[in-house]
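Take the sequences, apply the hints, and build the full model.
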Amino acid sequence: MVNEFLNVSSEKLIESIVQTFYMLGWSLFFGTLFGIPLGITLVFTRKGGIRSNGIVYFLVNGIVNLVRSVPFIILLVFIAPLTKAITGTRIGTKAAIVPLVFYIAPYLARLIESSFLEVKPGIIEAAKAMGANTFQVIWYFLLPEAKASLVLALTTGTIGLLGATAMAGTIGGGGVGDLALTYGYQRFNNSLMFVTVVLLIIFVQLIQATGNYMSKRIRNHE
Numbered sequence: 042m043v044n045e046f047l048n049v050s051s052e053k054l055i056e057s058i059v060q061t062f063y064m065l066g067w068s069l070f071f072g073t074l075f076g077i078p079l080g081i082t083l084v085f086t087r088k089g090g091i092r093s094n095g096i097v098y099f100l101v102n103g104i105v106n107l108v109r110s111v112p113f114i115i116l117l118v119f120i121a122p123l124t125k126a127i128t129g130t131r132i133g134t135k136a137a138i139v140p141l142v143f144y145i146a147p148y149l150a151r152l153i154e155s156s157f158l159e160v161k162p163g164i165i166e167a168a169k170a171m172g173a174n175t176f177q178v179i180w181y182f183l184l185p186e187a188k189a190s191l192v193l194a195l196t197t198g199t200i201g202l203l204g205a206t207a208m209a210g211t212i213g214g215g216g217v218g219d220l221a222l223t224y225g226y227q228r229f230n231n232s233l234m235f236v237t238v239v240l241l242i243i244f245v246q247l248i249q250a251t252g253n254y255m256s257k258r259i260r261n262h263e
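Numbering-wise, this note's numbering comes out as the position in the sequence shown, counting from 1, plus 41.
Simulated from the structure, these hints should not be mistaken for lab results.
Glycine is no exception: its CB is placed at the ideal position from the N, C-alpha and C atoms.
Treat the hints loosely; a few may be bogus.
[What the hints assert, rightly or not] With a Cα cut of at most 16 Å, we get these calculated EDC-like pairs of lysine to aspartate or glutamate:
id	residue 1	residue 2
1	LYS135	GLU56
2	LYS125	GLU159
3	LYS161	GLU186
4	LYS257	GLU166
[Stated by the list, open to error] The calculated label-pair distances, taken between Cβ atoms and stated as ranges, are:
id	residue 1	residue 2	range
5	GLN177	ILE114	37 to 45 Å
6	PRO78	THR130	26 to 34 Å
7	VAL108	ALA170	20 to 28 Å
8	THR175	ILE132	41 to 49 Å
Put into structure tokens, the structure is as follows:
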């Protein structure tokens, strides 16, 4: 029945969903590894920060703004040589992870920066007064106070990343986006296009609902 309605096999549909979550999971993992340090650096080195440093802030802020200003579809093509150097190929699901990380890391850095800036300055001043070092300020004061906001920031970043995985289909990245482009749009398969849109909407709703639930639980336990 699925084959007749969508003109693709159910195995192909399932494979595309798995590829989407594969790209989403690994890209979010590596993007967070880079995004958190970038966000912390922006908070700490800004004017009035704990480790205020105009040069470092200027460089990091400039890099984040530069990467974020490039549309993802252009970024896919622009860093293709780097993608090939890292993964050995310019196309495919694994290759799509590289530009996805470049896309999400600075985006998360800004979201994380905003979350940390929501922490009341008095808490940081109290930490410094108690003699806490930089690591202790981050681990024992910033993170606990900002974790509910950080969950929402990661939720927003994940949803943005999901949209980018769909665009990764333009380089044969696989996933729901590639399925919609190759088997839907290019073959005038409106049924498949509709189903892929519905799937993406469902994914977004589930991600947002999960993030809202986790953030609410954290706030209720504070």
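Subject >> VAL108 paired with ALA170, Cβ distance criterion 20 to 28 Å >> reply: violated (37 Å)
**OP:** Decide if the proposed pair is consistent with the structure: LYS135 and GLU56, CA atoms, cutoff 16 Å inclusive.
**Re:** The hint holds at about 14 Å.
Original post:
Does the structure keep LYS125 and GLU159 at a Cα separation of 16 Å or less?
Top reply: Outside the cut-off at roughly 40 Å; violated.
Original post:
Quick one, are LYS257 and GLU166 close enough, alpha carbons at most 16 Å?
Top reply: It is violated: about 27 Å lies between the C-alpha atoms, which goes past 16 Å.
Subject >> Range agreement (Cβ of ILE132 with Cβ of THR175, hint 41 to 49 Å) >> reply: About 42 Å separates the Cβ atoms of THR175 and ILE132, which means 41 to 49 Å holds.
**OP:** Kindly confirm whether 26 to 34 Å is satisfied by the beta carbon distance between PRO78 and THR130.
**Re:** holds (28 Å)
Original post:
In this structure, is the beta-carbon distance linking GLN177 and ILE114 contained in 37 to 45 Å?
Top reply: holds (43 Å)
**OP:** Sort out whether GLU186 lies within 16 Å of LYS161, counting only the CA atoms.
**Re:** Cα-Cα ~9 Å, so holds.
Hint compliance for this structure: hints 2, 4, 7 are not met, and every other hint is.
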